[in-house]
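Construct the entire structure; sequences and hints are all you get.
Protein chains in written order, with the working numbering: chain A, 13 to 532; chain B, 13 to 532.
Hints are computed from structural coordinates only; laboratory data are not their basis. Check each hint, because a few of them may be wrong.
You can't tell identical chains apart in this list, so a pair holds if it fits in one copy or across any two.
[Unchecked claim] Here are the computed lysine-lysine pairs in the DSS-like style, where the Cα-Cα straight-line distance is at most 30 Å:
id	residue 1	residue 2
1	Lys205	Lys223
2	Lys191	Lys479
3	Lys83	Lys57
4	Lys479	Lys223
5	Lys479	Lys222
6	Lys355	Lys489
7	Lys208	Lys222
8	Lys520	Lys479
9	Lys191	Lys208
On a predicted model such as this, the values are computed, not experimentally measured, just so you know.
Number of protein chains: 2
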Amino acid sequence: MALTRRKLLGELGLLSGAGVSLAALQSLGIESPASAKATQFGLPKGSGAGKRVVVLGAGIAGLVAAYELRKAGYAVTVIEARNRFGGRVWTIRGREQVAQIDRPLQQANFGQGQYFNAGPARLPSTHHVILGYAQRLGVPLEVFVNSNQSAGWDFAGRVEPQRRMINDIRGLVGEMLAKAIDGHSLDSAMPTKELKDFREFLGAYSGLDKKGAYAATISSGFANWPGAYDRPPSAVGRLTMRQLLPSRAIGLPYFFEQIMDMQATMMQPVGGMDRIAHALFEQVKSSVVLGTPVSAIRREGDKVRIEHKGGVTRADYCVCTLPAPVLARIPSDFSPAKKAALKGVEYLKSAKVAFEAPRFWERDDHIYGGLAWTDRLNENVIYPSHGFHSPRGVIIGAYVAGWTHDDTPEAFVQLPIAEQIRISAGSIEALHPGRSRELRSPLAINWGQVRYSEGVGAVGRDFGEDKRGPAYDELCKPEGPIVFAGEHLSYVGLWQEGSALSAHEAIKLVQQMAVGQTVS
Amino acid sequence: MALTRRKLLGELGLLSGAGVSLAALQSLGIESPASAKATQFGLPKGSGAGKRVVVLGAGIAGLVAAYELRKAGYAVTVIEARNRFGGRVWTIRGREQVAQIDRPLQQANFGQGQYFNAGPARLPSTHHVILGYAQRLGVPLEVFVNSNQSAGWDFAGRVEPQRRMINDIRGLVGEMLAKAIDGHSLDSAMPTKELKDFREFLGAYSGLDKKGAYAATISSGFANWPGAYDRPPSAVGRLTMRQLLPSRAIGLPYFFEQIMDMQATMMQPVGGMDRIAHALFEQVKSSVVLGTPVSAIRREGDKVRIEHKGGVTRADYCVCTLPAPVLARIPSDFSPAKKAALKGVEYLKSAKVAFEAPRFWERDDHIYGGLAWTDRLNENVIYPSHGFHSPRGVIIGAYVAGWTHDDTPEAFVQLPIAEQIRISAGSIEALHPGRSRELRSPLAINWGQVRYSEGVGAVGRDFGEDKRGPAYDELCKPEGPIVFAGEHLSYVGLWQEGSALSAHEAIKLVQQMAVGQTVS
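Printed below as a string of structure tokens:
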């Protein structure tokens, strides 16, 4: 869903030296993402007969847990505070009313067939537990365009197409390295023959001329685009080092599409991200009670008692998928260690702003899906990856999560909604001069203010690295018959995949308690 | 459609120094691909009334010419040798019989809804003249996945996922450069502050640790993929320089997706590439005569006389879109210079091999669209970009065009069809062990042997660079009332966009002759 700049840099080993520690591990050869076991997860049929489980939360973790538990014969009740399923998987359509804590009431105003994925919007093809549910439940998928060389980068007040930035930086890097090699500074770095072959490759890779100079290849674009007959293209000049790197803000976009969870092929369900949650919900809806906030989580002997709006639900076991900031405030019999850990978890308070508009980005600028990047506070503009050439579309004018600023989303979400919308429209105006006047139906979602979520997922200390800290370990521990799930209890944090994986682990614990057998 | 390795390297300035000459041109600032004028091309309405034009060939150039001429009021006849429209835009379905020169008759055997784009398969989003026709004529588009980090690279007998190769090479390049910078070899390359900022960026860009070492970031993949609870990921080790660059064959794949015409966002028509040609054909079909090979092209006074199967067609003007190797053999009154130029044009004889199979690449390997690369003779495997999770799909087992071998497609197409299929299946077996037995319905298209095409487009001397040579200039010249069009008469050679652009130029010449006015 979102990764902070800090988390990303951390994962790349820049902040913590994690790269080194990972490297120390022996290479075991490449394995397929997750295991076949994870994709084909299932508890033994009938193994839960006679046992009752209450699941708290009808987000992905809760729905997956309920789906798998029911298949195994458990009697399941899912208790959900909201009047909708999906949790942070929230696809807004039509004229939905949007209430947020300490924010004015907003009303969506999207046309027929339009939607806004306020939460997650992409599915990496490596996330095949969640993709496996899409497959099993017949949810059609299409490609999500996560990188578009025609999209604009707007940094330090200058807009350039991504192709020019990406290709010129590779040219600059290659030119510098060729200079060092040709100047014999790296003669001892590898054997002579290898260095010669590497240098030859570098020329092609970075588009250098025979002297090792980078001179803006056609990959960077044209001043005049190629035509027919007597209309040859003409090249653009290369950008300077300062134009390519005006500030630290621009770092991440250069390798964004190579971040593991952002790599092609990226997918989306046809019709909105909530289609997978919807398909799961359809399988378990007779077990789901919506509009029912939980008021206390109690142990009663070796069983559980959930107090909630309208009554009490008793069960043998509980799968609790509530987000940490929400769960931390619900009265419970949890251990002091669990309560302390829950209180300490920081949730990323990212924000998105959407508009509906005629597809001027396709019509005028030939941009089909993909992301624009900026050092403005809105950070990210996202074009729709579907419905190409149809009259209108939903454009994301801001996706603020710490992509280009260390101080966002905080600096953005502290602003009034109207100002967030103004900044987003201003960024679109810079990318598409004269077009912001075509923007309609603005809608701003500040996840820190979304009731029953209060953020998009766990970040910060104990959650920011490939290694997890003590709070993570504590939160994974069951409390007697109560087990926990959610993206924050996985190493695929902030993604639906993590929610599904954690649900599998949680119900394996339930199964262990119920049947006395370990499910591997 | 296809670019030879030679042409690509040429375009990157590596063979000819073209990069340098282009760089000498003044940067004029980035302009949108092609001009609004090209997208909105149209001759003045009614301006062709009373004038008769014969168009030779119902490929994209011929269909675009006919469509635009008819809109302007010309009386148009399109003469097409084949019993189908589209020319090199050839989408094979069902049980189509496939005859090729000096090749055994083949029969397609594809299931309902399956198709094989034997010719072009992708539409760069910068090609908006052809995309403009798709838009105007209501042809729905979807994304073509042109790069997939999960797809395999099979070089020197070793298969690695693309993500590992791509990210490790960037790591290696960055590590080498960091070593040079940290060793003060590049202190004079840029001002100290810039160098410091550049070095900091390089660490993030290439995933280096604090000491400047590259240690395989998570972008390269995992030995154990991340799970939930107590299942952290473990890293793969970095590949060696020799594993990354085992031979020259592997060069192009590293920057393939950054080649101008291969850059994201790439598109395809829903249902097969011929859907755009089909939509154009639907507009002009009352003017089109199929199954009618041309036997002579004659001038008669200031008019033209086309001799063809079943008779003669006379017209005021002719738009000739026939491929050079075909046209070179048709008797005509062309000038000696034109005839000599036609004879000298080399056409790229690329080949494709397709199979239909259960989607084991999605089921087992989570590969959704994209390309696998290999130094085997088949060069390229292409996975379908649509119908994800449906039971079966058409997989391209070979796309041979000189991507990884300087001696292909020649070395491949000289082999018997059965051997071409065997090599392709063997490559798929290497990428997906045990799965080649699921391949069905092989079909091999050798474009050099496709009658009325004899190749996919002009390459070689005079066509291999951004600058065109004398033969190109000669072929663009009209012969009295006869004007010429086709991808080979454009700077977007081997693409439908070039065909459409050239058709525009050709009919502007017709208009000039007919009305005495220049169309800009």
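* Asked: When no copy is named, should lysine 191 and lysine 208 be tagged within, between, both, or neither for a Cα gap of at most 30 Å?
  -> both (13 Å within a copy, 17 Å between copies)
* Asked: Within a copy, between copies, both or neither: where do lysine 355 and lysine 489 come within 30 Å Cα-Cα?
  -> within (16 Å within a copy, 78 Å between copies)
* For lysine 83 vs lysine 57, is the C-alpha pair at or below 30 Å within one copy, between two copies, both, or neither? -> within (6 Å within a copy, 67 Å between copies)
* **Intra- versus inter-subunit Cα pairing at 30 Å for lysine 479 with lysine 223** => Between copies only: 21 Å across, 45 Å inside.
* lysine 520 and lysine 479: within-copy, between-copy, both or neither at 30 Å Cα -> within (23 Å within a copy, 66 Å between copies)
* Copy assignment of lysine 205 with lysine 223, given that the CA separation must stay at most 30 Å -> For lysine 205 and lysine 223, the Cα distance is within 30 Å both inside one copy (19 Å) and across copies (26 Å).
* Asked: Should lysine 208 paired with lysine 222 be assigned to within, between, both, or neither, using CA atoms and 30 Å as the limit?
  -> Classified as both: same-chain Cα gap 14 Å, cross-chain 28 Å, threshold 30 Å.
* **lysine 479 and lysine 222: within-copy, between-copy, both or neither at 30 Å Cα** => Only across copies: lysine 479 and lysine 222 sit 18 Å apart there, 46 Å inside one copy, limit 30 Å.
* **Same-copy or cross-copy closeness of lysine 191 to lysine 479 [CA-CA at most 30 Å]** => between (39 Å within a copy, 28 Å between copies)
In this structure, none of the earlier numbered hints is contradicted; all agree with it.
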